[in-house]
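Sequences are here, hints too, so could you generate the full structure?
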Amino acid sequence: MDVGTLVEQARAGRPRAVARLISLVESAAPELREVMAALAPLTGNAYVVGLTGSPGVGKSTSTSALVSAYRRLGRRVGVLAVDPSSPFSGGALLGDRVRMQDHATDPGVYIRSMATRGHLGGLAWAAPQAIRVLDAAGCDVVLVETVGVGQSEVEIAAQADTTVVLLAPGMGDGIQAAKAGILEIGDVYVVNKADRDGADATARELRHMLGLGETRAWQPPIVKTVAARNEGIDELVDALEKHRIWMGEHGELTLRRQRRASQEIESIALTALRRRFDHLHGDQRLPALAQKVADGQSDPYTAADELIAGITQL
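Going by the UniProt record's numbering, 70 is the number at position 70 of the sequence shown; the sequence numbering is gapless.
No wet-lab data here; the hints were simulated from the structure. All values derive from a computational prediction rather than experimental measurement. Even for Gly, the Cβ is constructed at its ideal location relative to N, Cα and C. A few of these clues could be false.
[Claimed, not checked] Calculated cross-link-like contacts (lysine to aspartate or glutamate; reagent style DMTMM-like; alpha-carbon spacing at most 20 Å):
no.: 1; residue 1: K242; residue 2: E266
no.: 2; residue 1: K242; residue 2: E231
no.: 3; residue 1: K224; residue 2: D238
no.: 4; residue 1: K224; residue 2: E249
no.: 5; residue 1: K224; residue 2: E252
no.: 6; residue 1: K242; residue 2: E184
no.: 7; residue 1: K224; residue 2: D195
no.: 8; residue 1: K224; residue 2: D197
no.: 9; residue 1: K242; residue 2: E306
no.: 10; residue 1: K292; residue 2: E306
no.: 11; residue 1: K292; residue 2: D305
no.: 12; residue 1: K242; residue 2: E252
no.: 13; residue 1: K224; residue 2: D234
no.: 14; residue 1: K224; residue 2: E235
[To be verified] Label pairs and their in silico Cβ distance ranges:
no.: 15; residue 1: R216; residue 2: A309; range: 40 to 48 Å
no.: 16; residue 1: R11; residue 2: N230; range: 27 to 35 Å
no.: 17; residue 1: R274; residue 2: E184; range: 40 to 48 Å
no.: 18; residue 1: L212; residue 2: E249; range: 26 to 34 Å
Below, the structure is given as structure tokens:
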């Protein structure tokens, strides 16, 4: 099937066409450039919400609850659930899709699990283009659930319009948040499993730590939820909508999307350059330059500049 037909079918809401487009993205197929060119005029309409947090805080359950809430509002929803890959086989369990089986038969919901395949940052490397596919396919809201966040896995902040950081009582998340820097990326904070002891203390500690940081134009709200029982989810949707409206009124949404596009362009360009550098060991210029440096006729920085100049002219 040609790319144009796939795009038309994806716009018509056919999940198989959406799946094939995302598969082309994940496999970096030769048709990828044609796919992105065809999708470009159709994007920019979806509201992208990223959900991140430590393992066990209830990201998948919260994502599923948000899907239900947005469907009640009549929104088409796309979900990208990122799972870690095995360092041995490269495979992934893709268990997040299993947890969202309640929506499997809903034609207004598209759920895609993606493996990180070793990519750091909490996302799969193909996530930005996959978000673009779901956007072009007519999703009003795209929910991106990351791998359990650590101290540096905060890449979702660069890919989402709004970033939701989830915490849970009794898991040491307060200390982890202070260490990880996720206090700087959250637009909305959620204390999930709020029926447990210590939920109020977790929210209080989080509010205190947020107050210690730099003053921000948008003050992130803290919402308490019990996602397994759909408690507090309407309040979370309301907080998300308030942030979306605020961004629109202050020009922040446009700025974030421009930064997202800038980083995507940079990533593609760097990937192309890395491919050229992969062939360096077979480049005849490298031994000659290395000999000059070894003989003291040149320094390594000058040699590197010469090598880069030659590669970038290819």
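Has the given pair, K224 with E252, been kept, meaning a C-alpha gap of at most 20 Å?
Violated, at about 26 Å.
So if I understand the rule, the pair passes when the alpha-carbon distance is 20 Å or less; does K224 with D238 pass?
holds (13 Å)
Restraint check for K242 with E306, where alpha carbons must lie at most 20 Å apart:
violated (53 Å)
CB-CB spacing for N230 and R11 relative to the 27 to 35 Å hint
Since R11 and N230 have Cβ atoms about 31 Å apart, the given range 27 to 35 Å holds.
Are the Cα positions of K224 and E249 separated by 20 Å at most?
Violated, at roughly 26 Å.
Hey, K292 versus E306, does the alpha-carbon distance stay inside 20 Å?
holds (12 Å)
Taking 40 to 48 Å as the stated bounds, is the beta-carbon spacing between R216 and A309 within them?
holds (43 Å)
Just to be careful, I want the Cα atoms of K224 and D195 compared with a cutoff of 20 Å; is the pair within it?
holds (9 Å)
Starting from K224, check that the Cα of E235 is at most 20 Å away, please.
Given that 20 Å is the threshold and the Cα spacing comes to 9 Å, the pair holds.
Does K242 pair with E252 here, judged by a C-alpha cut-off of 20 Å?
holds (13 Å)
Measuring from beta carbon to beta carbon, are L212 and E249 in 26 to 34 Å?
Since L212 and E249 have Cβ atoms about 27 Å apart, the given range 26 to 34 Å holds.
Take the C-alpha atoms of K224 and D197, compute the straight-line distance between them, and say whether it is at most 20 Å.
holds (13 Å)
Against the hints set out earlier in the document, violations occur for numbers 1, 4, 5, 9 and 17.
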